[in-house]
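Chemist: Top line first, the protein sequences correspond to chains A and B.
Just so we're aligned, residue 1 is where the first sequence starts under full-length UniProt numbering, counting upward by one.
Just so we're aligned, residue 1 is where the second sequence starts under full-length UniProt numbering, counting upward by one.
Honestly, the hints are just simulated from the structure, not real lab data.
Please note that a few of the clues may not be correct.
Pairs involving identical chains hold if they fit within one copy or between any two copies, as the list cannot separate such chains.
[As the list claims (entries may be wrong)] Computed list of lysine-lysine pairs in DSBU-like fashion (alpha-carbon distance at most 35 Å, straight line):
# : residue 1 : residue 2
1 : 6         : 84
2 : 84        : 270
3 : 6         : 60
4 : 91        : 270
2 protein chains.
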Amino acid sequence: MPASRKVTIADIARHVGMTNITVSRALNKPEMVRPATRERIEQAALELGYVPNAFARGLKRSDSRLIGVVTASLDNPFYAEMIKAISRHAKQHDYAIMLFDTDGDPRLEAMAIETLLSYQAAGLILSPVSDEPDYRPNYLTRLQASDIAVVQLDRTLHDCGFSAVVLDNPGAGERVARYLLAHVFTPDRRTREDRLLVVAGPEHSRISRERLHGVQTALGEQAGDVGIDVLWGDYTLAPAVAQVRGYLKTHGVPRAIFGLNQLITLGALKALREAGIDRDQLSVIGIDRLPYLDIFDITVPCVVHDGYRAGAQALEQLLVQMRDPQAAPCTLTVRGELVT
Amino acid sequence: MPASRKVTIADIARHVGMTNITVSRALNKPEMVRPATRERIEQAALELGYVPNAFARGLKRSDSRLIGVVTASLDNPFYAEMIKAISRHAKQHDYAIMLFDTDGDPRLEAMAIETLLSYQAAGLILSPVSDEPDYRPNYLTRLQASDIAVVQLDRTLHDCGFSAVVLDNPGAGERVARYLLAHVFTPDRRTREDRLLVVAGPEHSRISRERLHGVQTALGEQAGDVGIDVLWGDYTLAPAVAQVRGYLKTHGVPRAIFGLNQLITLGALKALREAGIDRDQLSVIGIDRLPYLDIFDITVPCVVHDGYRAGAQALEQLLVQMRDPQAAPCTLTVRGELVT
DNA sequence: CTGTTAGCGCATTCAT
DNA sequence: ATGAATGCGCTAACAG
Numbered sequence: 001m002p003a004s005r006k007v008t009i010a011d012i013a014r015h016v017g018m019t020n021i022t023v024s025r026a027l028n029k030p031e032m033v034r035p036a037t038r039e040r041i042e043q044a045a046l047e048l049g050y051v052p053n054a055f056a057r058g059l060k061r062s063d064s065r066l067i068g069v070v071t072a073s074l075d076n077p078f079y080a081e082m083i084k085a086i087s088r089h090a091k092q093h094d095y096a097i098m099l100f101d102t103d104g105d106p107r108l109e110a111m112a113i114e115t116l117l118s119y120q121a122a123g124l125i126l127s128p129v130s131d132e133p134d135y136r137p138n139y140l141t142r143l144q145a146s147d148i149a150v151v152q153l154d155r156t157l158h159d160c161g162f163s164a165v166v167l168d169n170p171g172a173g174e175r176v177a178r179y180l181l182a183h184v185f186t187p188d189r190r191t192r193e194d195r196l197l198v199v200a201g202p203e204h205s206r207i208s209r210e211r212l213h214g215v216q217t218a219l220g221e222q223a224g225d226v227g228i229d230v231l232w233g234d235y236t237l238a239p240a241v242a243q244v245r246g247y248l249k250t251h252g253v254p255r256a257i258f259g260l261n262q263l264i265t266l267g268a269l270k271a272l273r274e275a276g277i278d279r280d281q282l283s284v285i286g287i288d289r290l291p292y293l294d295i296f297d298i299t300v301p302c303v304v305h306d307g308y309r310a311g312a313q314a315l316e317q318l319l320v321q322m323r324d325p326q327a328a329p330c331t332l333t334v335r336g337e338l339v340t
Numbered sequence: 001m002p003a004s005r006k007v008t009i010a011d012i013a014r015h016v017g018m019t020n021i022t023v024s025r026a027l028n029k030p031e032m033v034r035p036a037t038r039e040r041i042e043q044a045a046l047e048l049g050y051v052p053n054a055f056a057r058g059l060k061r062s063d064s065r066l067i068g069v070v071t072a073s074l075d076n077p078f079y080a081e082m083i084k085a086i087s088r089h090a091k092q093h094d095y096a097i098m099l100f101d102t103d104g105d106p107r108l109e110a111m112a113i114e115t116l117l118s119y120q121a122a123g124l125i126l127s128p129v130s131d132e133p134d135y136r137p138n139y140l141t142r143l144q145a146s147d148i149a150v151v152q153l154d155r156t157l158h159d160c161g162f163s164a165v166v167l168d169n170p171g172a173g174e175r176v177a178r179y180l181l182a183h184v185f186t187p188d189r190r191t192r193e194d195r196l197l198v199v200a201g202p203e204h205s206r207i208s209r210e211r212l213h214g215v216q217t218a219l220g221e222q223a224g225d226v227g228i229d230v231l232w233g234d235y236t237l238a239p240a241v242a243q244v245r246g247y248l249k250t251h252g253v254p255r256a257i258f259g260l261n262q263l264i265t266l267g268a269l270k271a272l273r274e275a276g277i278d279r280d281q282l283s284v285i286g287i288d289r290l291p292y293l294d295i296f297d298i299t300v301p302c303v304v305h306d307g308y309r310a311g312a313q314a315l316e317q318l319l320v321q322m323r324d325p326q327a328a329p330c331t332l333t334v335r336g337e338l339v340t
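Could you build all of it, start to finish, from the sequences and the hints given here?
Modeler: Below, the structure written as structure tokens:
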């Protein structure tokens, strides 16, 4: 019967009449031990219910098998997808994941980083609560001074020198704009009052800015008379609903609405429905796929990014950085695809 | 400037001319140290960029601040919701989450448990890959022998003696059946050929069995002539689509389809659409909410369970078990609500 | 309030 | 192929 007290390597050494170190080797570097003794040791370990102590091991050897994942929202399906990929690939390389959902709270984010540092995490995949330029968390210098590898995912900190996997935001904006030019704001149907409503994230969010900029570029070239209205908010559902609701009341129905992420787009659609505005009175287009809608024959054109791929790439990049701490930081960009 | 080498408690002790233990206390039990020295120590810690070593601490004091979460699928929104709740509440009690997505693979599950044991996790929230009675993982005895607290969530292992938070599965089945009796298989419209198609999870899954049993009970009482066809599968989308597709071909369109979870229901709807069968030719009803569909005016009646609540309760229960290892295991049931 | 001593469990020397 | 000694960084005892 397995004791309630912890079984250590010493217990099993005593059990087989060897010393600690031999047991340690038998368990970690089997080739350095005679097969016969190894078997006896493994046998004993099983019988006694031996469980290696990760703390003791981690204390001795300085490298840990831990990768931290810090993200602002588990419930965003796009993030869930990325985390799935990270988790799956981390496992393949024998790393365990320590997950932190910061819930958009900078304090929780800071605590998460502290915890990861104290656990000597080998790497960190970070998607901070904000990508606005003036968000300069205190933990930054500590992180940079530490020898933990860091890869940012999707959201990034303003020039912090870490690697990153980001989406092609300007490109997504451009693609949307070109689609609108081809199908909505066509020369023949264009009027002076045509307005495009862009529902964005936080006002200084890099991602929102880039996406918006893509739109402006592509639209500006050919469509001097399409006016763009922008509503700033955040990347969640409820505020988007409220914003759009207000806009509809004061400005009426725009010709098209562009939601800068999935939840925003859903929010806009919800506001439209509340207001009793049928979806064929205007065009709605978004970034990120609205899941499962194809099943109901609902098509909302959108730029789709492969979250699984982004997550996988982030982990790959992290492994590179972990292998070679000197490796130059690099930024990978995942392109989206317009799906109509 | 922070050194690249680790700063330990000893370094900062030297820096302020005190001994290790005083520093340790200043950092962990501030009230045991004179305010003045405490300040100097905290100051020094900051300057030197001190990071506590969780391994050393964990080795010394045997209790860890880690909670493991082992689940079969991060991408199931219902699970994502539960994990969100767990994460949020764990943080409030100063526990970090170690997350394992087993991807439905029993081997990965076993590895996850091993890892958690070796990290001396204080608690574990487990949703195993299978809830079929013949799934008896090897790690069970080790887990039982260990002093790690365990709470099962949603899926459970057949009488393993651990606490659990589960859904009211029979109740959900009954509620669905009663709804069908009231609105679909009404006496006046009932015919001998009326069939109800239930699309279930694995054939021996406790959850599926319970839900199905609920249906049979409620239906059997009053509806001798409603035939039930059951398709066994798993709890994911693709197999459900395939199953229902096949059924439609061979059996034609049933009077109603009942999907035993969210992804199954979506799968059924997808198969219907592929087959060009309009949704008002039959009734579709499910368990778990299909997210965001209200936005599009699509209503699929379903029994909704509060995943956030379930997750939160699991964590509460875990804390209870952790506080008092003797506490009797208990099973909490979360009731669902029919939403039409 | 502060210091001394000791040891958590394991793996890295260097021996044999 | 195996062993002896040592220390990773921290904190619980018990002093003082």
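Chemist: Each of the hints needs a verdict: does it hold here or not?
Modeler: Taking the hints in turn, this is what the structure says about them:
{"no.": "1", "hint": "6 / 84", "result": "both (34 Å within a copy, 32 Å between copies)"}
{"no.": "2", "hint": "84 / 270", "result": "both (28 Å within a copy, 24 Å between copies)"}
{"no.": "3", "hint": "6 / 60", "result": "both (19 Å within a copy, 13 Å between copies)"}
{"no.": "4", "hint": "91 / 270", "result": "between (39 Å within a copy, 33 Å between copies)"}
The structure shown violates none of the earlier numbered hints.
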